[in-house]
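S.K.: Below are the chains, spelled out letter by letter.
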Amino acid sequence: MDFFGRLTIDSLPFYSAIAASGAGVTVLGALSVMAVITYFGAWRLVLFDWVSSIDHKKIGIMYVMVALVMLMRGFIDAAMMRSQQAIAYNNEGYLPPDHFDQIFSSHGTIMIFFMAMPFLSGLINLIMPQQIGSRDVAFPFMNSISLWLTTAGAGLVLISLVIGKFSTAGWTGYPPYSGSQFTPGVGVDYWLWAVLISGIGSTMSGINFLVTIVKCRAPGMTMFRLPLFTWTVFVTSILMIFAFPALTVACGALMLDRTLGFHFFTNEAGGNMMNYINLFWLWGHPEVYILILPAFGVFSEVVAVFSQKRLFGYISLVLATMAIGILSFTVWLHHFFTMGSSARVNSFFGTMTTIIAVPTGVKVFDWLLTMYRGRIIFKPPMLYTLGFLVTFVIGGLSGVLLALPPIDYLMHNTTFLIAHFHNMIIPGVLFGYLAGYMFWFPKAFGFKLNEWWGAASFWCWIIGFYLAFMPLYVLGLLGMPRRMEHYEIAAWQPHLIVAAIGAFIIFLGIVCLGVQLAVSIRDRNKALDLTGDPWNGRSLEWATSSPAAPYNFAVVPQVQSIDAWWDMRRAASLMSRPAEYEDISIPKNTFIGAVIGGAGFVFGFAMVWYIWWLAILCLAVIFVAIVIRASDDDTDYVMPASEVKKIEDARFAQLAKAPKNEMADDPGFAGQPMPEPST
Amino acid sequence: MRPALAYRSLALALGAALLCAGCSVIDGPVLDPKGPITLAERDLLFQAIGIMMIVIIPVFVMAALFMWRYRGTNKSARYTPNLAYYWPAEVLVWGVPAAIIVWLGLHLWHDTYKYDPYNQIDPSVKPLEVQAIAQDWKWLFVYPEHDVAVVNELAIPVDTPVSITITSDTVMNSLIIPALGGQIYAMAGMQTRLNLLADKPGTFWGRNVQYSGTGFANQQFQTLATSKEDFDAWMEKAKQSSQPLDAATYEKLAKPSEKVPVTYYSGVEPGLFDKIIAKYSHGDVDREPHAAHADSAAEPAE
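Chains A and B supply the protein sequences, listed in that same order.
Numbering (our numbering) for the first sequence: 1 to 679.
Numbering (our numbering) for the second sequence: 1 to 302.
Note that these hints are calculated values from the structure, not bench results.
Just to be clear, a hint being listed does not mean it is correct.
To be verified - In the DSBU-like style, the derived pairs of lysine-lysine whose C-alpha atoms are separated by at most 35 angstroms in a straight line are: (1) A:660 x B:237; (2) B:239 x B:259; (3) B:239 x B:255; (4) A:526 x A:660; (5) A:526 x A:215; (6) B:114 x B:255; (7) A:526 x B:75; (8) B:228 x A:657; (9) B:237 x B:259.
Chain A on its own, in the form it takes in the complex:
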């Protein structure tokens, strides 16, 4: 047995200039991050305040940082695909098939698993506990494990660029192609272990969020007073818990096929690839709702705050969210109507799919009716929401078209499908997360993001989106299949050139996001959020200071209505200070979550390269870490009432200096909450 398994010096990417430069950028990126930390002498801060932190707000911020890094990596993949297809008419372009295939595989994998999932977990972690008036999530330590397992998966995808190759089997990894007979290298194994390890993290996140919402709500916060964002998190968590095991089973079985020569999904010996495909989409379809429901939640919060009006149709929106959650488990077969199933099977799944359009349509109309007779202020989060509303219905339309099996026979596997799901995921998911990022950034850091650059990023994103994806609908009607590395049909090229221009404008949108962050940090003192409520908000997360104290709420609030914070301010009840504070118990920082994540990363790497001794060692490390943690009874520390009082005194002194809401200077401002007019 080889000491390093199948890892040799030839695994380094010196066989191709493009692969080598990709590896170079990855290594340089990692080195420069370390250099910056060293330059600022911040290692202590990074390790002891962040890596070891199990504060839900810090974990949330770290999740979003992972997501933004992976967004850039995933976008580079997209830009390479778009430019390859723009030039590859009747020639090979600049990417050989093997490289192009890795790029579309890593693009999808990164964007779904390592951009959207961490972004989602980050926003939920940061905001949901504050929205329900809680001091933390239910299982703070498990939260840390989830974060570091997700990061371990992202790390495996990144390191595949430097050592070895990534999968060429697409983000869905369909067997038998992804089996060892057809793709014997390490690529699919990297994909499998990245997905398996981060999938465990996601399942634990789902459990954590669900228990938090069920058990940790403030007094008076009944289920039907939950803010819509928390409602969507509730449904998303249930979907995570029930859907991710299907993915884990599918990938686990495929891993057994590949590593130990099993025959779950092989061509021969009784394997059946359709079993994988059923299991994969049994997770995969709920997954798209896992991603989009919290974005719907963000839109619901943003549209009410920036229309300065109560959310219209709260009960309808909650019921629609629940309906989508349940229906999402009844439609998976629409991803493969073309497997030769009977008309009876296809028409059932087609009908169930079109039914999902009803609750989704309800949501869109309720958001529009929230704007009706409001006073709309066009801040960046609201711009993203409006862009979403208009663009998303086009994606909904194409989704219903694809749900009709006779149309799907024609459009399946074409760029029409690509245009459809990007039309759902970019305006629906990503715009929602970016709206949430700009909306809640002050809550995380205590200052607002620059609004001009935020608006600029929005316009680049939406114009770029239309230019990049409308041509793909047309190309679908022209019959262009997805994943074409080159082509011989001249009529396709003009559309692909327009799409590449669109991708470039999206790139400008990403640049704007970067500039926005840099400019905002530079000018932070001019945009400080002193009140903790920069947008004249409605729900409880605006009742804490920005950034929130480690305990969020010194006094657990008493909730009386849906728009809890708005109504408290109307009744002017929260601003009164208690006579005495109490001691607050807060979980201590620990490195064990990071150790488990790190060991998970090395374990994945060892399994990819068949370095068995290392894999066993890592499992032992994880086991020992869990035993150590489980035998530790001293996991919390108590913040004495005097220290709470000191923090709160400082906060109220700051509040006294800023009596006015930050939105009050906006020409569209309609006023602070006032007693209900008697009409």
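Following the hints, position chain B against chain A.
M.R.: Same frame as chain A, but now just chain B:
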């Protein structure tokens, strides 16, 4: 950014996208069908887009109208900050989409049965039988009634139903000729079926659209839809081929290769198609592995 400027740039982007859509799409395979199946699938596409405009257009109109009318600076517009429920609106937002989905669902059910790719197009006519075998990265078509096989070319007579049985001798593939109809997967050890008909003569491209590895982009073929006479002449030409497709030749052909020129074989290994399926299924050749299809065929297909 000022709203007015913003609307203008959005309109510009939309305009550019539409302009781009206008050119060349009209004669694309889907919008200019050459057979009744694609025609029906296209018409369903148009109908569905039309009916959904009932909800799509109001969204556009309401979004534009509300954004303008209820902009914060317009203090003359009515402002009702506590309006959160109005039952007629709730009835409408649930009812209208639901009604559309009922309409669509009925069409969906009906058309899914009617255009099931397994349905014979004209039960009164005996279809031309073709066996399609997916290989890395080419298509082998066998004409069992003529004892002829051909790589990367499919000839069919116009106005004659064609029944293609499909399997794969490699990873999963998907066979489509977009001008004539939709796609069906090709899977090793299994057989699927696709019924097509060309009602106009011409040369239409077909290919694998399920990604299958490095040669995927090159896995395409031409479909020659010709008059009965020309088809017979094509068949004569194929039969002139000196090369038979025996087991040894097949083995060599099945190895991965790209851009394989059109090759004709006269004399095909007996039962070749079934043997390829049997290779992966313990020798068990189930001609119609999807039992559900047996009863769907019994449904009134009209």
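S.K.: With reference to the structure, classify each hint as holding or not holding.
M.R.: Against the structure, the hints:
| no. | hint | in the structure |
| --- | --- | --- |
| 1 | A:660 x B:237 | violated (89 angstroms) |
| 2 | B:239 x B:259 | holds (23 angstroms) |
| 3 | B:239 x B:255 | holds (24 angstroms) |
| 4 | A:526 x A:660 | holds (16 angstroms) |
| 5 | A:526 x A:215 | violated (39 angstroms) |
| 6 | B:114 x B:255 | violated (38 angstroms) |
| 7 | A:526 x B:75 | holds (29 angstroms) |
| 8 | B:228 x A:657 | violated (91 angstroms) |
| 9 | B:237 x B:259 | holds (22 angstroms) |
The structure is inconsistent with the numbered hints 1, 5, 6, 8, although it conforms to all the rest.
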